[in-house]
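Participant: So the protein sequences, as listed, match chains U and S.
Counting with the numbering used here, you get residues 1 to 118 for the letters of the first sequence.
Counting with the numbering used here, you get residues 1 to 111 for the letters of the second sequence.
Fair warning: there could be bad hints in the mix.
Said to hold, decoys possible - Covered by chain S, per the in silico footprint, the following chain U stretches (three or more residues, Cβ under 8 Å):
1. 42–56
2. 108–117
What the hints assert, rightly or not - A few chain S residues facing chain U, derived, Cβ under 7 Å:
3. Cys12
4. Ile39
5. Gly43
6. Ser103
Since the hints were made in silico from the structure, they are not lab data.
Beta carbons: idealized from backbone N, C-alpha and C, even for Gly.
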Amino acid sequence: SAVISQKPSRDICQRGTSLTIQCQVDSQVTMMFWYRQQPGQSLTLIATANQGSEATYESGFVIDKFPISRPNLTFSTLTVSNMSPEDSSIYLCSGRTSGSGLSYNEQFFGPGTRLTVL
Amino acid sequence: DAKTTQPPSMDCAEGRAANLPCNHSTISGNEYVYWYRQIHSQGPQYIIHGLKNNETNEMASLIITEDRKSSTLILPHATLRDTAVYYCIVGGSGSARQLTFGSGTQLTVLP
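Isolated chain U, as found in the complex (with noise of 0.2 Å):
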């Protein structure tokens, strides 16, 4: 399988400023996922990172408060803007590549960006 790198791995930002995490996978996947997860939670899925074009977010997440970009098979970055304490979380990039037919393709996960937001 893949193997998945982000930057930052962690960091403390203030109140009404923004992050953005860079996912790097080690060879060409076809999708790129952003999860959410919070203390003690599991995984929620934010978008799924289009490669060319605008993200698919899911409900209850927004372009204007998680700016994703996809410029090739390799790379994403999500941002997180104006940020509050809530947005405290780690953040989860993921990829995965498409096989034919019905065929099972892995779907592998960088080691999460975990943010405090103060």
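Assemble chain S onto chain U, guided by the hints.
Facilitator: This is chain S only, laid out in the frame that chain U set:
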């Protein structure tokens, strides 16, 4: 995607088999059962998946009931490093498939 129900926590003695149950009574005919685990401070890791038949790989075995309404993940010889949150996920296999995580089971392997 169908909803899954898992016990919130389980303990297992080191070296013994860990059997993690999952109920997915609303699963549809073309939906797979996937298992992932998340070790503390790491991203989720794929374990195994199946549709109808039982499956085995180097990490675990997956037993799916004949009616497909429930399944069990088996770690045959649990070690301390298997302590993690285990997620049972049900969904399609298409390229646009999204993984929807439930609350999972916290498995603690005891020495």
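Participant: Hint by hint, work out which the structure violates, then give me just those numbers in ascending order.
Facilitator: Structure breaks hints 3, 4.
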